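Numbering (my numbering), first residue to last: 1 to 215.
Bear in mind the hints are in silico, worked out from the structure with no lab data behind them. Treat the hints with care, as some may be off.
Taking lysine-lysine and the DSS-like style, the derived pairs with C-alpha atoms no more than 30 angstroms apart in a straight line are [claimed, not checked]: (1) Lys-114 x Lys-64; (2) Lys-169 x Lys-192; (3) Lys-64 x Lys-193; (4) Lys-142 x Lys-64; (5) Lys-192 x Lys-43; (6) Lys-17 x Lys-114; (7) Lys-64 x Lys-192; (8) Lys-142 x Lys-88; (9) Lys-122 x Lys-138; (10) Lys-197 x Lys-64; (11) Lys-122 x Lys-192; (12) Lys-88 x Lys-212; (13) Lys-101 x Lys-138; (14) Lys-190 x Lys-173; (15) Lys-151 x Lys-173; (16) Lys-64 x Lys-135; (17) Lys-17 x Lys-122; (18) Lys-151 x Lys-88; (19) Lys-212 x Lys-138; (20) Lys-88 x Lys-138; (21) Lys-212 x Lys-192; (22) Lys-138 x Lys-64; (23) Lys-17 x Lys-173; (24) Lys-142 x Lys-190; (25) Lys-122 x Lys-43; (26) Lys-64 x Lys-190; (27) Lys-192 x Lys-114; (28) Lys-26 x Lys-212.
So the derived label-pair ranges between C-beta atoms look like this [stated by the list, open to error]: (29) Leu-87 x Thr-186: 38 to 48 angstroms; (30) Val-125 x Asp-181: 16 to 26 angstroms; (31) Trp-177 x Asn-32: 20 to 30 angstroms.
What you are looking at is a predicted structure, and each value in this text was computed from that prediction instead of being measured. Even glycine gets a Cβ: it sits at the ideal position worked out from N, Cα and C.
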Amino acid sequence: MKLLLLEDDLLIAEQIKAYFELFDYKVDHYENGLTLIEDTNPKSYDIMLLDINTPGLSGLEVLKEFRELSIDTPAIFVTAMSDIEHLKEAYGIGCNDYVRKPFDIEELELRIEKLVAQKQAKQIVLSEHYTFDMKEEKLYHKGIEVHLNEKERSLLYLLLKHHGNTVSKEMIKTYVWDDQDVCDNTLRTKIKKLRDKLDENFIQSLRGAGYKIDA
């Protein structure tokens, strides 16, 4: 899974980043809300963790802008601000949860897992013989796991997270390869290698637009 973190306290940010990367999360950290807005596509993330009092734009302003663009990526505010007015404002603009500092990192993990579980079905049926476990990011053929490498799992997960909708090539490259400079040929090669492992071709190519799966 991929986590977007807005936090200007570097010690807290490092704690969150180090902990979740142990569990194979991809964590992108920003200290400045304006930089985050300019540099990221929040649709490519599974969860957003936002501090409120951050430079550039506050976490509240960041989330408000995303929600006005109809971006529904789940958001948790992690902040020292505990007064009821900030709490009301946070929920009013569309946050999904609120964690007060100082916090227990395992509690934060449980809240993230709960939101992700609510957002998506655990098992997605691709066809009569194929299913994909969204929590474990594992593909099964007739109940037997199909071996996928890390990038193949991430690619399939992203397409299934948005199943029924076209996922742009740019979003796929950002999600699967992070900050690496990847060309379209590399993406096409990865799609081909993934298809070669399947008895059925359920990954659709939409010329000039991207890829999708109708699950």
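Status of the hints after comparison with the structure:
For the hint pairing Lys-114 with Lys-64, the CA-to-CA distance comes to about 22 angstroms; that is within 30 angstroms, so the pair holds. Only pairs whose Cα atoms come within 30 angstroms are accepted, and Lys-169 paired with Lys-192 is accepted, the gap being roughly 14 angstroms. A C-alpha spacing of about 40 angstroms is found between Lys-64 and Lys-193, which places the hinted pair above 30 angstroms, so the restraint is violated. For a cut-off of 30 angstroms, the pair hint linking Lys-142 to Lys-64 is broken: about 44 angstroms separates their Cα positions.
Only pairs whose Cα atoms come within 30 angstroms are accepted, and Lys-192 paired with Lys-43 is accepted, the gap being roughly 24 angstroms. Between Lys-17 and Lys-114, the direct Cα distance comes to roughly 19 angstroms. Compliance with the 30 angstroms bound is thereby established for this hinted pair. Note on Lys-64 and Lys-192: the hinted pairing is violated, with a Cα-Cα distance of about 39 angstroms set against a maximum of 30 angstroms. At roughly 48 angstroms between alpha-carbon atoms, Lys-142 and Lys-88 are farther apart than 30 angstroms, so this suggested pair is violated.
With a C-alpha separation of about 11 angstroms, the suggested pair Lys-122 and Lys-138 falls inside the 30 angstroms cut-off, and the hint holds. The straight-line distance between the Cα atoms of Lys-197 and Lys-64 is roughly 42 angstroms, outside the 30 angstroms bound, and the hint therefore fails. Among the hinted pairs, Lys-122 with Lys-192 is consistent with the structure: their alpha-carbon atoms are about 26 angstroms apart, no more than 30 angstroms. With a C-alpha separation of about 38 angstroms, the suggested pairing of Lys-88 with Lys-212 is violated against the 30 angstroms cut-off.
Among the hinted pairs, Lys-101 with Lys-138 is inconsistent with the structure: their alpha-carbon atoms are about 34 angstroms apart, more than 30 angstroms. Taking the CA atoms of Lys-190 and Lys-173, the gap is near 11 angstroms; set against the 30 angstroms cutoff, the hint holds. Restraint check for Lys-151 and Lys-173: the C-alpha separation of about 10 angstroms stays at or below 30 angstroms, so the hint holds. Between Lys-64 and Lys-135, the direct Cα distance comes to roughly 28 angstroms. Compliance with the 30 angstroms bound is thereby established for this hinted pair.
For a cut-off of 30 angstroms, the pair hint linking Lys-17 to Lys-122 stands: about 25 angstroms separates their Cα positions. A C-alpha spacing of about 40 angstroms is found between Lys-151 and Lys-88, which places the hinted pair above 30 angstroms, so the restraint is violated. Taking the CA atoms of Lys-212 and Lys-138, the gap is about 18 angstroms. The hint holds against a cut of 30 angstroms. Of the supplied pair hints, the one linking Lys-88 and Lys-138 is violated, its CA atoms being roughly 39 angstroms apart against a limit of 30 angstroms.
Our distance criterion of 30 angstroms between C-alpha atoms is met by Lys-212 and Lys-192, whose separation comes to about 14 angstroms. Among the hinted pairs, Lys-138 with Lys-64 is inconsistent with the structure: their alpha-carbon atoms are about 34 angstroms apart, more than 30 angstroms. For a cut-off of 30 angstroms, the pair hint linking Lys-17 to Lys-173 stands: about 21 angstroms separates their Cα positions. For the proposed pair Lys-142 and Lys-190, the alpha carbon gap of about 24 angstroms is at most 30 angstroms, so the pair holds.
Our distance criterion of 30 angstroms between C-alpha atoms is met by Lys-122 and Lys-43, whose separation comes to about 19 angstroms. Simply put, Lys-64 and Lys-190 have alpha-carbon atoms about 36 angstroms apart, too far for the 30 angstroms limit, and the pair is violated. For the suggested pair Lys-192 and Lys-114, the alpha carbons sit about 34 angstroms apart, so the restraint of at most 30 angstroms is broken. For a cut-off of 30 angstroms, the pair hint linking Lys-26 to Lys-212 stands: about 22 angstroms separates their Cα positions.
The supplied range of 38 to 48 angstroms is met by Leu-87 and Thr-186, whose beta-carbon atoms lie about 45 angstroms from each other. The given range of 16 to 26 angstroms is broken by Val-125 and Asp-181, whose C-beta atoms sit roughly 36 angstroms from each other. A beta carbon spacing of about 24 angstroms between Trp-177 and Asn-32 agrees with the range 20 to 30 angstroms that was offered as a hint.
Consistency with the previously given hints fails for numbers 3, 4, 7, 8, 10, 12, 13, 18, 20, 22, 26, 27 and 30, ordered from lowest to highest.
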